[in-house]
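Chains as they are written, first to last, in the numbering used here: chain A, 28 to 421; chain B, 28 to 421.
Hints listed in this document are in silico derivations from the structure and should not be mistaken for laboratory results.
Incorrect hints may appear among the rest.
Claimed, not checked - Partial list, computed: chain B residues near chain A (C-beta under 7 Å):
1. 282
2. 286
3. 289
4. 293
5. 294
6. 299
7. 301
8. 302
9. 358
10. 359
To be verified - Pulled from the structure, derived: some chain A residues nowhere near chain B, Cβ distances all over 10 Å:
11. 30
12. 47
13. 54
14. 79
15. 91
16. 117
17. 125
18. 217
19. 239
20. 294
21. 297
22. 301
23. 316
24. 323
25. 340
26. 419
Every residue, glycine too, gets a C-beta built ideally from N, C-alpha and C.
Protein chains: 2
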Amino acid sequence: MDDLNAFVPGPRCTVQGAPGGTLSGLSFAVKDLIDVAAWPTGGGNPDWPRAHPVPGQHAWVVRTLLAAGASVVGKTVTDEVSLGILGENAHDGTPVNPRAPDRVPGGSSSGSASVVAAGLCDFALGTDSGGSVRVPASFCGLYGIRPTHGRIDFSGITVQSPSADTCGWLARDAATFARVGEVLCGGTLPGPLPTRLLVATDAWGFADEAVQQALAPMLERLARIIGERRDVLLAPQGLSVWQRAQRVLQSSESWQTFEPWLDEYNPRFAFSVARNLVMGSMITDADRSAAALMRAEARARLRHLLADVTPTGGAILCLPTTPFPAPRRGRPNSELAFLRERISCLTSHGGLTGVPQVSLPGATVEGAPVGLSIVGRQGSDLDLMAVARAFEDA
Amino acid sequence: MDDLNAFVPGPRCTVQGAPGGTLSGLSFAVKDLIDVAAWPTGGGNPDWPRAHPVPGQHAWVVRTLLAAGASVVGKTVTDEVSLGILGENAHDGTPVNPRAPDRVPGGSSSGSASVVAAGLCDFALGTDSGGSVRVPASFCGLYGIRPTHGRIDFSGITVQSPSADTCGWLARDAATFARVGEVLCGGTLPGPLPTRLLVATDAWGFADEAVQQALAPMLERLARIIGERRDVLLAPQGLSVWQRAQRVLQSSESWQTFEPWLDEYNPRFAFSVARNLVMGSMITDADRSAAALMRAEARARLRHLLADVTPTGGAILCLPTTPFPAPRRGRPNSELAFLRERISCLTSHGGLTGVPQVSLPGATVEGAPVGLSIVGRQGSDLDLMAVARAFEDA
Chain A
28 MDDLNAFVPG
38 PRCTVQGAPG
48 GTLSGLSFAV
58 KDLIDVAAWP
68 TGGGNPDWPR
78 AHPVPGQHAW
88 VVRTLLAAGA
98 SVVGKTVTDE
108 VSLGILGENA
118 HDGTPVNPRA
128 PDRVPGGSSS
138 GSASVVAAGL
148 CDFALGTDSG
158 GSVRVPASFC
168 GLYGIRPTHG
178 RIDFSGITVQ
188 SPSADTCGWL
198 ARDAATFARV
208 GEVLCGGTLP
218 GPLPTRLLVA
228 TDAWGFADEA
238 VQQALAPMLE
248 RLARIIGERR
258 DVLLAPQGLS
268 VWQRAQRVLQ
278 SSESWQTFEP
288 WLDEYNPRFA
298 FSVARNLVMG
308 SMITDADRSA
318 AALMRAEARA
328 RLRHLLADVT
338 PTGGAILCLP
348 TTPFPAPRRG
358 RPNSELAFLR
368 ERISCLTSHG
378 GLTGVPQVSL
388 PGATVEGAPV
398 GLSIVGRQGS
408 DLDLMAVARA
418 FEDA
Chain B
28 MDDLNAFVPG
38 PRCTVQGAPG
48 GTLSGLSFAV
58 KDLIDVAAWP
68 TGGGNPDWPR
78 AHPVPGQHAW
88 VVRTLLAAGA
98 SVVGKTVTDE
108 VSLGILGENA
118 HDGTPVNPRA
128 PDRVPGGSSS
138 GSASVVAAGL
148 CDFALGTDSG
158 GSVRVPASFC
168 GLYGIRPTHG
178 RIDFSGITVQ
188 SPSADTCGWL
198 ARDAATFARV
208 GEVLCGGTLP
218 GPLPTRLLVA
228 TDAWGFADEA
238 VQQALAPMLE
248 RLARIIGERR
258 DVLLAPQGLS
268 VWQRAQRVLQ
278 SSESWQTFEP
288 WLDEYNPRFA
298 FSVARNLVMG
308 SMITDADRSA
318 AALMRAEARA
328 RLRHLLADVT
338 PTGGAILCLP
348 TTPFPAPRRG
358 RPNSELAFLR
368 ERISCLTSHG
378 GLTGVPQVSL
388 PGATVEGAPV
398 GLSIVGRQGS
408 DLDLMAVARA
418 FEDA
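Isolated chain A, as found in the complex (with noise of 0.2 Å):
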């Protein structure tokens, strides 16, 4: 595992942790679009530290992360700018899959996902616009959260899309997974548990037969942790409707953030990520708003189902992360289109309403991890990192 092609080429860039904090002695990576400082942050494309400059200081989630006692072990490889679902760079190359090394990694958090399945360190940030944390969990067999949009703040991270922005964190283990939490979240793991668990049928029934099966025993498992279970829509008026909203929108903010820089600079990208943003310039107004109606009744569809049901608990949905485990490497432009427009009917609803969402591993199709999501309502990622422990614990 010593190639992994998962910390970015050159020199390694380490920062040690405060001493005595409560992350002490642990290890962690960081994708290549959160600023350390004295670091240049890469951005996974030739073209972006050109028009960069070096950061003078951590990003929010560094310096907390720092400060609580945890060391920095390097810098990872990510899909270009955070546009990209599966982890293949053709600039940096693709992060290898440690648990599935024929597939790609998932992305954009590739090179964190990668380095942290492989042990080389306790855990690892990402971000997460339309699913850069969740998707490299399930496809390398780890935890990793999407936490309430706006939670973590998201200062000295290369923002992509801001109404979807989000930076995660990937780990082994519930145990370190929650302890972060913590520190991130700023808070403590509460002790009672939801008490209903609202399966997604649509979603479900969108994923691969054989991640059903999979998945089955891992249902069975949180069922039992949970108590009350019914079977929900989340999506009534149809996920790829809200994939297709998501997109549109995120696809339209990625074109604003983005576009000075590539008026002034021109830089070289792959072409399928040349074509997405390109795509982004063309939306209309009415498509734009048309999508954001939709967005409105996601989010209500959402604060719906995961409205309290107890005084003393909530709701918790729950899904498959991915439709499918990792696809090959190296598959052409034409087959990739579709499976990525597949996931993210799975991962749209997370940028469209901004709750949180947390991947669990532990099942495998064809040898190749996939992993099982609970969804929780807005703030409620300490809830959501319990039901993670309690689950690894059952």
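Mind docking chain B on chain A? Use the hints.
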């Protein structure tokens, strides 16, 4: 002039010409879209050679020139897979314009124009689908030809848009320019010159006023050696209407040409190049049909204008090669996009109708070269070279 960034990096490709030919003693450079046996054809893109085997034989043009005694002294930088008109290559860098070092060299035969203008060889091969020989000839102060479509065997040359692709060449003096032409066109310069000079007033009016003024003495000189002079419209439907039609046809064909490579290899491109490819992918059959009709009109127009006027002489048309001299290097995409479109308003008749065109050097604006072009009927390549020789001597 040692570091022009005009030859492709790595070992210099050299091949000795056959002894005793008519081009004996002449040296030439080869645009890196044209095969030289046993040397990779780089195509101006880092992911092109990966997908294309090292050629086993020379392109027809290279073989023919070697047989005539000329020697290859290197392969030259090109815009990515010939998709560019300014000569800025995000992977290989921009070759120096020796005549105006703070400006672009023009493209896509950028390196070929650069090395000839710098005196590093006697002539150089390029390709011209939308202006890729004519524009660098204008910007670097060289003779350059876009031959009659189909006249020069294209085998062993990277295809872009088959209905528009041609192989041309650049030289500093008209004598060398014509000697190469006699070899590649298989003939000798005719004695009698064309007898009617048509001044394309729409094209002249489209050029910057400073360009019109700078070219005026050249036009006078040309009129003196030809004789009768008449004002005509090149494109009664509008230069921009012809430009749009040619862009539709050429972009569609480019997309068809490159799509299998894009799909399988997901190559890296400068954003502007990828964007144009994407635009090509979205052209409708209705747009293609309309453009093909306009092409038929344009062909009829040039047949009408350039018909023989006497038993011994034909008509030639003249216009500014480019509407302005070379733009400064490193301008933002938003500026360059409009400049590219303006340039192609003066070059699109070539791809659209297949007629030959020669750009003559001799004028400057603010010290930067700009060329005067002569256009003849299909097959009049040697006539145009004869005019170039007479013009140089006049």
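These are the hints, each one checked on the structure:
1. The criterion of a C-beta within 7 Å of any C-beta in chain A is not met by residue 282 of chain B, whose closest approach is roughly 12 Å, and the hint is violated.
2. Violation of the interface hint for residue 286 of chain B is found here, the shortest Cβ-Cβ separation to chain A being roughly 9 Å, above the 7 Å cut-off.
3. Interface hint status for residue 289 of chain B: upheld, as the beta-carbon distance to the closest one in chain A is roughly 5 Å, under 7 Å.
4. With a cut of 7 Å, the hint placing residue 293 of chain B at the interface with chain A holds, because the nearest CB-to-CB distance is about 5 Å.
5. Against a cut-off of 7 Å between C-beta atoms, the interface hint on residue 294 of chain B holds, since the closest Cβ of chain A lies about 6 Å away.
6. Annotation: interface hint on residue 299 of chain B holds; nearest CB of chain A at approximately 5 Å, less than 7 Å.
7. Satisfaction of the interface hint for residue 301 of chain B is found here, the shortest Cβ-Cβ separation to chain A being roughly 3 Å, below the 7 Å cut-off.
8. Using the Cβ-Cβ criterion of 7 Å, the hint placing residue 302 of chain B at the interface with chain A is satisfied: the shortest such distance is roughly 5 Å.
9. Evaluation of the residue 358 of chain B hint against chain A yields a violated restraint, the C-beta minimum of about 9 Å exceeding 7 Å.
10. Because the smallest distance between the Cβ of residue 359 of chain B and any Cβ of chain A comes to about 5 Å, under 7 Å, the interface hint for this residue holds.
11. The beta carbon of residue 30 of chain A is kept farther than 10 Å from every beta carbon of chain B, the shortest such distance being approximately 21 Å.
12. For residue 47 of chain A, the non-interface assignment is confirmed: its Cβ lies about 47 Å from the closest Cβ of chain B, beyond the 10 Å cut-off.
13. Here residue 54 of chain A stays apart from chain B, with its beta-carbon at least about 33 Å from theirs, past the 10 Å limit.
14. Its beta-carbon lying about 16 Å from the closest one in chain B, residue 79 of chain A satisfies the requirement of being farther than 10 Å from that chain.
15. Every Cβ of chain B is farther than 10 Å from the Cβ of residue 91 of chain A; the closest lies at roughly 35 Å, confirming the non-interface assignment.
16. Not every CB of chain B is more than 10 Å from the CB of residue 117 of chain A (nearest about 5 Å), against its label as outside the interface.
17. Residue 125 of chain A, annotated as away from the interface, keeps every beta carbon of chain B farther than 10 Å; the closest lies near 24 Å.
18. Residue placement check: residue 217 of chain A keeps its beta carbon more than 10 Å from all beta carbons of chain B (closest about 45 Å).
19. Distance check on residue 239 of chain A: its Cβ is at least 31 Å (rounded) from any Cβ of chain B, clearing the 10 Å threshold; non-interface status holds.
20. A Cβ of chain B approaches the Cβ of residue 294 of chain A within 10 Å, the least distance being about 6 Å, so the stated non-interface status is violated.
21. A Cβ of chain B approaches the Cβ of residue 297 of chain A within 10 Å, the least distance being about 5 Å, so the stated non-interface status is violated.
22. Under the 10 Å C-beta cut-off, the non-interface status given to residue 301 of chain A relative to chain B is violated; the minimum distance is some 3 Å.
23. Annotated as non-interface, residue 316 of chain A keeps its C-beta farther than 10 Å from every C-beta of chain B; the closest such distance is 23 Å.
24. Every CB of chain B lies more than 10 Å from the CB of residue 323 of chain A, the least distance being 30 Å, so the non-interface label holds.
25. For residue 340 of chain A, the requirement that its beta carbon stay farther than 10 Å from each beta carbon of chain B is met, with the minimum near 47 Å.
26. At roughly 38 Å, the least C-beta separation between residue 419 of chain A and chain B is larger than 10 Å, which holds for a residue marked as non-interface.
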